[in-house]
Amino acid sequence: MNFNPNWLAAPVVIPLCAAALGLVFSQTRYRQHTTRMQQGLTLVTVVLNLLLALWLLYETVGLNQRLVLQMGLWPAPFGVTIIADGLSAIMLTLTGILALAITPYAMGTMDDRDRMNFYPLLLFLLVGVNGAFLAGDLFNLYVFFEVLLMSSFVLLTLGGQRAQISGGIRYVVLNLVASLIFLAAAGITYSTLGTLNMAQLAIRMEQAPPSVQALLAGMLLVAYGSKAGLFPIFFWLPSSYHTPHPAVTALFGGLLTKVGIYTLFRIFPLIFPSYLIEWQPLILAIAGFTMLTGVLGAMSVNTIRRMLSFHVISQVGYMVMGLGLASANTQLAVGFGMAAGILYLVHNMIVKTALLMAGGAAELEVGSGNLYSKQLKGLAARRPMLAIIFFLAAFSLAGVPPFSGFVSKLGLVQAALGSQHWLIAGVSLLVSVFTLMSMVRLWQSAFTGKADRPSLPVAPLAHPQRRWLTLLPIGALVALSLAIGLFSAPVFRWSTIAAQQVLDREGYIRAVQPSDEIMMLELK
Amino acid sequence: MTEFMMALVIGVLLGTGTYLLLQRTAIRLILGIALWSHGVNLLLFSGGGFKRGLPPIILDKTNFAGEISSFVDPLPQALILTAIIISFSITSFIVVLVNRRNSIVQGQEEVAITPNDPFAVDAQLDAVTEEDYEFLEDALILLPRQQRE
Chain A
3 MNFNPNWLAA PVVIPLCAAA LGLVFSQTRY RQHTTRMQQG LTLVTVVLNL
53 LLALWLLYET VGLNQRLVLQ MGLWPAPFGV TIIADGLSAI MLTLTGILAL
103 AITPYAMGTM DDRDRMNFYP LLLFLLVGVN GAFLAGDLFN LYVFFEVLLM
153 SSFVLLTLGG QRAQISGGIR YVVLNLVASL IFLAAAGITY STLGTLNMAQ
203 LAIRMEQAPP SVQALLAGML LVAYGSKAGL FPIFFWLPSS YHTPHPAVTA
253 LFGGLLTKVG IYTLFRIFPL IFPSYLIEWQ PLILAIAGFT MLTGVLGAMS
303 VNTIRRMLSF HVISQVGYMV MGLGLASANT QLAVGFGMAA GILYLVHNMI
353 VKTALLMAGG AAELEVGSGN LYSKQLKGLA ARRPMLAIIF FLAAFSLAGV
403 PPFSGFVSKL GLVQAALGSQ HWLIAGVSLL VSVFTLMSMV RLWQSAFTGK
453 ADRPSLPVAP LAHPQRRWLT LLPIGALVAL SLAIGLFSAP VFRWSTIAAQ
503 QVLDREGYIR AVQPSDEIMM LELK
Chain B
1035 MTEFMMALVI GVLLGTGTYL LLQRTAIRLI LGIALWSHGV NLLLFSGGGF
1085 KRGLPPIILD KTNFAGEISS FVDPLPQALI LTAIIISFSI TSFIVVLVNR
1135 RNSIVQGQEE VAITPNDPFA VDAQLDAVTE EDYEFLEDAL ILLPRQQRE
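Just so you know, the sequences run in chain order A and B. At position 243 of the first sequence the residue is numbered 245 (the working numbering), and the sequence of numbers has no breaks. At position 39 of the second sequence the residue is numbered 1073 (the working numbering), and the sequence of numbers has no breaks.
Next comes chain A alone, as it looks inside the complex (with noise of 0.2 Å):
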C-alpha cells in the first residue's frame, strides 16, 4: 500500500480539531458532566495520535524513507512543506506515548479547581510539539514553536497560585526573546539568502559571506539552547517548573525542552554542518557545563520536584554531547554519537516523565515536596507500590542496568571514547554519580524512616480507584524503560537509521527537492 502524504498533516489536524472541539464543553455550568466530555474525547485524540505516530515510524524508520508533503502541490520553496524523516517519526511517537500516560494521569491527580480546560489546552500543546517535529521551513517552525508556548504558558499558570504567577512570568519572558532572536535570524537568513525553506537553506548557505553564516548559526544555537535550557540560559527553567500542578511539570520535563534539543539535531547537521565540525568544542564545553551545573543544582534543593527539574537540564547535556559527536571520526558506524543522542533523548523523555509522575504523586500523597518537612517520611512503608516505581524509574534515570538509561549513557561514553574526546567523557562518568547521589539522597529522606506527622493526601487521591488511575501509567512508562534497556539492540538500530538520515544531507535535499524556478505541477 502507497503511503498517502496527506496523512502527514494529520499529526496536526487531529489534535487540533479535538481541542476546538473540547474547548465547546468548557462551560461551566455541569462541571462534572462537561469535563467528563473533555476528558473522553482527549483520551481518544492521544490513542489515535499514537497509533497515527507509529504508522509513520514504521513508513520512515522501517522502510528506512523520508515522506514529503507539499502543500496544495506547491513547490518546494514556495509553497509550505512538511516532512518527516526518522528522526521525526521517532519525536512523535516519544510525544504519543507521553500524552497517553499524562492523560489519565491527569485524571487521576486533578480537583475541579486545576483542570479548568486543562485537556484542550493539552491538545493545543500537542498541536504545537507535533507540528514543530513536521515542519520543513524555518518560519513554520517558529509557528508552531508559538502554538506550544502560548498554550505551555496558559497551562504555567492554570490555577492561578502566586508562586505560578512569578515564575510564569520569568518563563513567558526568557521564551519570548528566545522566539525573537530565533524571530530575527530567520529575518536575516531570508534577506541573505532569499529562502526559509530549509532543504533550499542546505544548498545555499555556503554561498552567504562566513560572518553571516556564524551569526546565524550562534543566533539559533542560542535561541534554541535557551528553549532546550542550555547553559548559561536555563535559569528559568527551575525556577518554573514545579510551580504547575505535577501533571504539567511531568509534560513539561518530558516534552518542551526536548523540542529544542530536536531543532538543534536538526539544523545543525543539515544547514550548519561545517560548524557542527568547527564549533565542537563549544558545543562539547556547552554539554559539559550543562550536565555538571545542573547536577549541582539538583543537590543543592530541598524540594522533590525542584530537584527532578534541575536533573532535566544535566539530562539535556547529554544530548547535546551526542550532537557535538556527530561528526567525530569514530572507528563506529556512520553518525554513532548522533544515534546515542537519539537513544539517549528517547530514554530520557520516558523516563523523566515518569519520575516527575512518580515524584509528583508523592508530593500530592503527603501535600508536601519538602525534603526537610514532617510528613514527607517512610512513604516506601505507605505506599509501596508509588515508592517502587519510583526506585525503579530514578535508576533507570542514574544509568544502572539493565534500564534504557545504562544503554543510552554506554552508548554515548562509547562515542566520545572512540574519538578521543576523554573530558567529556569523564564528565558524564561523573555527573552520572551525581545523579545517583542525589536520587538516594531524595530517596532517604522521602521514603525510609517514619513519618512524624499525618499525611493529607490531597482529595483525589484519597480514592482508592484515582490512585491506581495514577499509578498505571508511571508504572507502563517505567516497563517501557526496561524493555528499551533489554531489548536495546533493535531500538539502537532504529535510532542509527535516523541519526544516518539526519547526516544524509543529499538524501533530504532530494527528498524535498526545492527548485529556483517556478513551476506548476501536474494535476492528476
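Hints are computed from structural coordinates only; laboratory data are not their basis. Please note: incorrect hints may appear among the correct ones.
[Claimed, not checked] To give an idea of the chain A side of the interface with chain B (calculated C-beta under 7 Å), a few residues:
#1 Glu148
#2 Leu182
#3 Ser193
#4 Leu195
Glycine included, every Cβ here is placed at the ideal spot set by N, Cα and C.
Given chain A, put chain B in place with the hints provided.
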C-alpha cells in the same frame, strides 16, 4: 540612506529594549519586550527591500516573468503580519500576568486557598527559598525568614 536609517532605528530599538529588559520593574520589562518585538519586526520588514511605489505583485502572470526590481517581495510582509500578532498576544499575556501578580500581592484579590490546603505551608516555604531567584519581584512582600522553622 534609507537602509542606514533603518539599521539605526532597529539598533536603537533593540538596544533600548535590552536596557529595559535588564531593569527590575515590571513595567520596564513589558516596555522592553515591546521594543524588542518592534525592532525584530522592522528587521524582518527590511528584508523585503525599500522600494517606493512598487506593488508586491508580479505583473506578468502568464509566464511569471519580470525584472526583480519591478516589484517588492511580498513574503517579508506576510511574515511580519504573523510575527506582530504573536508578539502582541504574548505581550498582552505578560501584562495580564504582571497585573494578576500585583493584585495578589496587594491583597486586592482573595487567592483561592482552601482551609485545609496542604500546599499552603509549602507555598510559604517556597516564597522564602525563592529569594535567591528574585530578580523580578522586588514588589513582593517576602515572608520573614523566621517562618522557615
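Hint-by-hint comparison with the structure:
1. At a threshold of 7 Å, the smallest CB-CB gap from Glu148/A to chain B is about 5 Å, leaving the interface hint in force.
2. A least Cβ separation of about 5 Å between Leu182/A and chain B falls short of the 7 Å threshold, and the interface hint therefore holds.
3. Hint status for Ser193/A relative to chain B: holds, with the closest Cβ pair at about 3 Å, below 7 Å.
4. Proximity of Leu195/A to chain B is violated relative to the hint, the smallest CB-CB distance being about 10 Å (cut-off 7 Å).
Figure legend: structure checked against the earlier numbered hints; the only hint not met is number 4.
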